[in-house]
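Participant: As a plain string of letters, each chain reads:
2 protein chains.
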Amino acid sequence: MRMSKLVGRTIKETPRDSELPSHKFMLRGGFMRQYSAGIYGLLPLGMRCVSKIEKICKEEMNAVEGQEVRMPCSATRELWEETGRYQTFGKDMMKFQDRHEKQMVLNPTHEEPVVYLARTEITSYRQLPVMMYQVQTKFRDEPRPRGGLIRLREFTMKDAYSFHTSEEDLKQYYDQVFNAYNRFFKRTGCKNFVSVMSDNGLFGGRYSHEFQMLAPTGEDKLITCPKCKYSANEEISTSPFVTKKSVELSLDKVHTPNIKTIDALTKCLSISAEQTAKAVIFQTLEGIPVVSFVRGDLEVIDKKVRTLVKSEVVTATHDSIVKAGAIAGSTGPMGLNLNNCFVVVDYTIVKSNNLATGANEKDYHFTNFNFERDFYSKLNEVEKKKVIIGDIAAAREGDPCPQCNESLKETRGIEIGNIFHLGTKYSEGMECTYLDQNGKKQYPIMGCYGIGITRLLPAIIEESHDDRGPILPLPIAPYEVHLCVLNRKESIIQEKSEELYIKLTKQGIEVLIDDRDEKPGSQFADADLFGIPFRIILSPKTFAEGCVELKYRDNRIEPRKIKLEEIGNVLLTEIKDEYKKYNNV
Amino acid sequence: MRMSKLVGRTIKETPRDSELPSHKFMLRGGFMRQYSAGIYGLLPLGMRCVSKIEKICKEEMNAVEGQEVRMPCSATRELWEETGRYQTFGKDMMKFQDRHEKQMVLNPTHEEPVVYLARTEITSYRQLPVMMYQVQTKFRDEPRPRGGLIRLREFTMKDAYSFHTSEEDLKQYYDQVFNAYNRFFKRTGCKNFVSVMSDNGLFGGRYSHEFQMLAPTGEDKLITCPKCKYSANEEISTSPFVTKKSVELSLDKVHTPNIKTIDALTKCLSISAEQTAKAVIFQTLEGIPVVSFVRGDLEVIDKKVRTLVKSEVVTATHDSIVKAGAIAGSTGPMGLNLNNCFVVVDYTIVKSNNLATGANEKDYHFTNFNFERDFYSKLNEVEKKKVIIGDIAAAREGDPCPQCNESLKETRGIEIGNIFHLGTKYSEGMECTYLDQNGKKQYPIMGCYGIGITRLLPAIIEESHDDRGPILPLPIAPYEVHLCVLNRKESIIQEKSEELYIKLTKQGIEVLIDDRDEKPGSQFADADLFGIPFRIILSPKTFAEGCVELKYRDNRIEPRKIKLEEIGNVLLTEIKDEYKKYNNV
Chain A
2 MRMSKLVGRT IKETPRDSEL PSHKFMLRGG FMRQYSAGIY GLLPLGMRCV
52 SKIEKICKEE MNAVEGQEVR MPCSATRELW EETGRYQTFG KDMMKFQDRH
102 EKQMVLNPTH EEPVVYLART EITSYRQLPV MMYQVQTKFR DEPRPRGGLI
152 RLREFTMKDA YSFHTSEEDL KQYYDQVFNA YNRFFKRTGC KNFVSVMSDN
202 GLFGGRYSHE FQMLAPTGED KLITCPKCKY SANEEISTSP FVTKKSVELS
252 LDKVHTPNIK TIDALTKCLS ISAEQTAKAV IFQTLEGIPV VSFVRGDLEV
302 IDKKVRTLVK SEVVTATHDS IVKAGAIAGS TGPMGLNLNN CFVVVDYTIV
352 KSNNLATGAN EKDYHFTNFN FERDFYSKLN EVEKKKVIIG DIAAAREGDP
402 CPQCNESLKE TRGIEIGNIF HLGTKYSEGM ECTYLDQNGK KQYPIMGCYG
452 IGITRLLPAI IEESHDDRGP ILPLPIAPYE VHLCVLNRKE SIIQEKSEEL
502 YIKLTKQGIE VLIDDRDEKP GSQFADADLF GIPFRIILSP KTFAEGCVEL
552 KYRDNRIEPR KIKLEEIGNV LLTEIKDEYK KYNNV
Chain B
2 MRMSKLVGRT IKETPRDSEL PSHKFMLRGG FMRQYSAGIY GLLPLGMRCV
52 SKIEKICKEE MNAVEGQEVR MPCSATRELW EETGRYQTFG KDMMKFQDRH
102 EKQMVLNPTH EEPVVYLART EITSYRQLPV MMYQVQTKFR DEPRPRGGLI
152 RLREFTMKDA YSFHTSEEDL KQYYDQVFNA YNRFFKRTGC KNFVSVMSDN
202 GLFGGRYSHE FQMLAPTGED KLITCPKCKY SANEEISTSP FVTKKSVELS
252 LDKVHTPNIK TIDALTKCLS ISAEQTAKAV IFQTLEGIPV VSFVRGDLEV
302 IDKKVRTLVK SEVVTATHDS IVKAGAIAGS TGPMGLNLNN CFVVVDYTIV
352 KSNNLATGAN EKDYHFTNFN FERDFYSKLN EVEKKKVIIG DIAAAREGDP
402 CPQCNESLKE TRGIEIGNIF HLGTKYSEGM ECTYLDQNGK KQYPIMGCYG
452 IGITRLLPAI IEESHDDRGP ILPLPIAPYE VHLCVLNRKE SIIQEKSEEL
502 YIKLTKQGIE VLIDDRDEKP GSQFADADLF GIPFRIILSP KTFAEGCVEL
552 KYRDNRIEPR KIKLEEIGNV LLTEIKDEYK KYNNV
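If you read the protein sequences in the order shown, they are chains A and B.
Its first residue numbered 2, the first sequence is counted upward by one per residue in the numbering used here.
Its first residue numbered 2, the second sequence is counted upward by one per residue in the numbering used here.
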């Protein structure tokens with residue numbers, strides 16, 4: 002390819018609103034352009050990178066017996082109503098009316114469309130297990146698109162769905178895909194990525210993993226153990242908080258005028274936040290209040306509450322708070338109206354003694370609250386069913402690892418893939434069945450497997466760049482070799498550079514030649530912005546010695562002079578060795 | 002691939018509503034499934050065919066220096082308002098509101114999005130010519146989706162756009178793409194396709210071609226000359242209608258009570274339809290009446306009227322007819338209100354003598370109307386500007402060829418591609434400029450080039466099938482070889498078939514093995530439905546002779562027995578020779 006014709010201008014200035022290095026460099030290097038909020042087009046350079054990512058992804062999906070399909074982007078409202086997700090997706094789902102005023106949606110994911118296929122095509126246990134995948138556009142009306150291709154409203158995703166006759170079969174296949182994902186990410190040049198346990202969503206199955214690219218700019222908070230390699234999204238990570246068991250003191254009700262926060266309460270009572278029970282009040286989509294309690298120094302993770310109550314939850318309205326029998330700022334377990342609400346209690350509350358908590362009475366709190374003694378033991382069996390004890394707290398740096406007790410580290414990540422155990426949620430929801438060996442109808446057990454194709458490119462640039470531009474791994478770089486030609490106005494240089502370009506291209510090397518009459522500084526700056534791993538420079542000076550200079554974008558070793566007649570073979574060897582590094586996984 | 006695991010059931014019965022053979026076979030063979038009107042999903046077999054079509058298409062686009070991009074499916078209303086097409090596309094364009102109640106559209110084509118890129122990325126004549134292409138989903142809310150993948154509301158298209166500094170440069174590139182298209186269609190196995198001149202749309206450029214697959218089931222009417230190979234869409238085809246020039250008789254006004262059609266008029270006056278001038282009344286989108294006249298035996302093509310008046314036209318309302326001074330059923334040129342309307346007159350009217358036509362007076366017609374004598378010569382210069390003379394008639398079988406006078410043939414086609422001269426319509430409309438050699442701003446001249454990727458598969462099946470299923474050309478067949486295994490219950494047969502399957506696959510042959518315990522008839526029926534070109538059959542009988550049977554889906558020669566140890570190499574040779582047939586173009 003000739004740079005003189007390449008569509009995509011390089012830009013010297015840092016574009017406005019580009020906070021992440023990847024966002025900035027992809028705009029400056031002409032990899033992409035923004036059309037509107039969360040909607041981008043890929044220019045030729047970006048497209049070449051994404052095509053290579055897609056190709057490697059398909060190879061790995063085919064290697065685990067995946068069958069490629071193409072499901073449509075649009076669907077009827079009725080399809081999504083079969084599982085109730087037409088309602089629960091809310092505003093994230095883009096909706097439109099067709100010319101006949103029929104309600105349509107733009108699929109944000111494809112569980113419903115794939116089960117639509119499975120329920121006509123899969124009829125017998127003999128056909129299972131089976132996996133279908135596609136590389137397709139997804140639409141999600143994100144409230145806050147950000148970071149260029151990191152969080153888009155229209156993006157390219159590889160999504161895959163598997164169907165099984167048993168949990169064991171799914172688990173075995175799940176592990177295969179897990180390995181395929183590790184291979185895929187390594188083959189595309191990802192370095193610092195981890196697989197972490199994650200929340201697997203409402204009504205989902207029993208286990209799921211996210212693949213996270215570790216990056217300080219990431220949106221997700223991760224908890225990892227430096228010793229045993231335990232790692233989890235903060236939404237799922239659990240920690241056995243060791244709390245002191247002291248003598249239970251007697252419950253006391255104290256007057257706390259205008260005290261409405263944990264911070265104010267600790268000051269008022271001269272205690273630490275660890276000695277309090279904090280209330281956070283949610284409600285289900287049907288409006289049932291959910292009063293949750295966690296130790297005062299910790300945060301409640303709403304997704305964990307959701308999983309325990311088995312329903313989506315949102316922040317409670319004033320009415321819900323009243324309905325629960327709670328008083329905002331003075332909410333505690335005792336005195337709640339258990340006929341009207343759920344109570345979700347974190348393990349830290351159960352294991353602690355003598356906590357301060359709200360009295361459900363304006364300007365009053367209790368001290369020396371003990372969960373079992375003062376609350377739980379006094380409930381009848383019906384009331385006990387409304388109280389759920391579990392893990393709803395966010396883990397923190399320094400907490401003990403649940404596996405090995407080592408002190409946990411906190412880090413940030415960009416989610417680049419995920420694999421989910423879905424169970425029979427969708428097959429049951431859409432009445433998708435097969436006949437087992439005994440001729441009996443069964444619901445297939447499903448797994449699903451996503452990779453954010455367009456997100457992976459900026460995620461890789463986040464971990465692989467310097468202050469001049471991206472340092473792209475060979476397998477996803479737009480070209481293998483960037484040929485800079487200095488003083489092209491000298492006709493012999495122009496002639497020789499053309500010869501070299503054609504010769505290398507004929508050898509099967511992907512070469513981008515800078516055939517513009519730009520100054521060296523400008524050529525090198527653009528080459529840095531493109532991030533192509535190998536760079537050769539032909540100048541009057543090197544030509545006088547019958548050489549070109551070979552440089553590496555990552556500066557792994559010092560530039561070397563290579564004889565003109567040898568450069569083709571040197572590059573072929575270097576490229577081959579470089580691919581080996583990524584593919585030997 | 003193992004048929005036991007292949008997603009996609011074969012169906013014995015002809016599905017309802019499937020009129021075209023391709024539609025029927027693609028459903029019966031499990032190539033695709035319908036989700037809703039005009040919305041289909043590709044199952045693995047169909048996806049493999051489409052992937053191969055896409056790959057060949059990209060190769061040909063790259064060969065003419067195309068640069069692949071990926072523009073988004075969605076766009077803002079504002080982008081489409083820049084050219085006015087947000088309005089003119091009407092209901093064919095799917096529209097939606099995002100969560101912030103911003104008006105969005107699903108792009109039905111990408112001229113506007115590509116010029117959006119060009120106007121920031123192309124700044125200098127040095128960058129031109131340049132071509133960008135993509136393989137991307139398009140959305141068009143067709144009022145009548147039909148024929149499975151033939152006319153969809155969501156479909157995959159390859160669209161390409163070129164930018165040039167001069168008409169000559171565009172013309173030269175246009176011819177290159179024309180040749181690339183011919184190569185592409187031949188390489189995908191198209192046989193009976195033609196390139197025809199076509200209407201190139203409102204305000205479009207000066208020339209355009211459609212590639213049409215000749216098929217009796219096609220939607221488009223084509224006019225072709227068996228002698229000089231002239232061919233055109235009926236919307237564009239022109240014919241020099243030879244009409245008798247007789248002595249001009251004197252104009253006569255006759256009473257024609259209740260005569261409102263050409264048919265009634267000819268009976269009433271005992272003349273032929275060729276001796277009448279027929280009026281068809283349109284109006285522009287702004288509501289200006291357009292009264293068109295054509296010889297009574299011919300049909301008016303509205304797209305030709307549109308091109309002559311340079312505005313979209315629709316059927317006239319009653320108010321428009323009144324405004325033009327016309328009387329429905331008695332409309333003629335004389336007496337129209339030329340201040341309020343346009344008059345478009347077909348050449349056949351100008352060249353004919355003594356026609357019967359309306360008198361713009363209820364129940365009256367003129368006879369012996371002569372265009373020049375009775376109408377045109379009597380207009381002043383201002384009025385003459387409102388009268389447009391041109392070709393607006395549909396050509397018919399038997400008309401003389403405009404190039405060689407041979408009698409034209411009528412045939413039908415499925416449009417599989419098109420190439421358009423766009424001129425500067427979009428670059429001017431969106432203020433996309435570059436600086437020429439003199440530093441002066443210029444609008445790039447554009448061409449655009451489309452291929453209906455998902456439509457091509459059924460179009461090929463339309464021309465290539467028998468009554469048992471598709472006969473797919475090797476380059477787009479889902480697999481190269483279909484291996485039928487009879488009496489697989491005999492363990493030696495099962496063992497040998499597995500060995501053979503693995504051996505052939507290792508030789509790089511794409512093999513589909515029928516590893517189900519189906520009877521021969523059922524296996525052969527499914528193989529016929531899949532349309533894979535080479536078929537080998539392993540049975541106890543052939544195995545006893547150490548052979549397999551080699552059959553051809555198109556029955557080009559009789560089945561042959563081939564030694565088991567030779568079949569791999571025989572297939573490799575046959576496959577190689579077969580590809581050569583398609584690729585030597």
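Check each hint, because a few of them may be wrong.
Identical chains share a label here; the pair holds if one copy fits it or two copies do between them.
Cross-link-like lysine-lysine pairs, in silico, DSBU-like; alpha carbons within 30 Å at most [unchecked claim]:
#1 426 with 581
#2 172 with 6
#3 187 with 490
#4 13 with 103
#5 507 with 577
#6 442 with 520
#7 103 with 92
#8 56 with 582
#9 13 with 442
It should be emphasised that the hints constitute simulated quantities derived from the structure, not laboratory data.
Quantities reported herein were computed from a predicted structural model and do not represent experimental measurements.
Participant: Which of the listed hints are broken here?
Facilitator: 1, 3 and 4
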